[in-house]
Amino acid sequence: AQKVTQAQTEISVVEKEDVTLDCVYETRDTTYYLFWYKQPPSGELVFLIRRNSFDEQNEISGRYSWNFQKSTSSFNFTITASQVVDSAVYFCAPSGRAIAGGATNKLIFGTGTLLAVQP
Amino acid sequence: DSGVTQTPKHLITATGQRVTLRCSPRSGDLSVYWYQQSLDQGLQFLIQYYNGEERAKGNILERFSAQQFPDLHSELNLSSLELGDSALYFCASSVRGSGAGELFFGEGSRLTVL
Chain A
4 AQKVTQAQTE ISVVEKEDVT LDCVYETRDT TYYLFWYKQP PSGELVFLIR RNSFDEQNEI
64 SGRYSWNFQK STSSFNFTIT ASQVVDSAVY FCAPSGRAIA GGATNKLIFG TGTLLAVQP
Chain B
-3 DSGVTQTPKH LITATGQRVT LRCSPRSGDL SVYWYQQSLD QGLQFLIQYY NGEERAKGNI
57 LERFSAQQFP DLHSELNLSS LELGDSALYF CASSVRGSGA GELFFGEGSR LTVL
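Top to bottom, those sequences are chains A and B. For the first sequence, the positions run 4 to 122 when the numbering used here is used. For the second sequence, the positions run -3 to 110 when the numbering used here is used.
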């Protein structure tokens, strides 16, 4: 079964600092997808990025970048030049298989990391 | 706006009661997912439907049931409510039920059981 560990419960930074959110996952699947979602104080869950397990090329999208290392089962997410609006809970989530063994893209969420960006 | 609509946004009820939460997926999405978010359990996957059929099941209580209708909207029924059922219930939708493709979440239905 999938399992996600987000060891950082809370992080506080000052605006314009870079911040990296850690994620370690466990899965028995050979191919899978990894996601990061954001939950701002308003409560909705917002999709940020997706990574497939068979492409370890790291990418940058605007102020977001991610470092995927299959060998260590880590999928870390970095925000460059953080802003107050980045304050939110960030969730790492691998996709999961159905219990019966069928294909599914349901997400298994970690416990989340609360990021507070101070002005 | 994700395009996923959930109603009601807030619901207050008493223990022992039954409630129904409704979800309309994004246009064109065939798969619907239900999640429960509480302080002690975090974000828990409950159940997934794809084109009207159950695709995956999480730790959904027997007191809870769900279905997806031919028009693809979904309902989550919670019965014999207990205080511990108080939570934020999210619905999400996706084009496909497997493989790549992010889930788009609604704003949630906040249930308070008194």
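Please note: incorrect hints may appear among the correct ones.
[Claimed, not checked] So, partial list: chain A residues that the calculated Cβ filter (under 7 Å) puts toward chain B: (1) LYS41; (2) PRO43; (3) GLU47; (4) LEU48; (5) PHE57.
These are calculated hints, taken from the structure and not from any lab test. Heads up, the beta-carbon is just placed ideally off N, CA and C, and yes, glycines get one too.
Here's how the hints hold up against the structure:
no., hint, result
1, LYS41, "violated (11 Å)"
2, PRO43, "violated (12 Å)"
3, GLU47, "holds (5 Å)"
4, LEU48, "holds (4 Å)"
5, PHE57, "violated (11 Å)"
Violation of the numbered hints given earlier is confined to hints 1, 2, 5; the remaining hints are satisfied by the structure.
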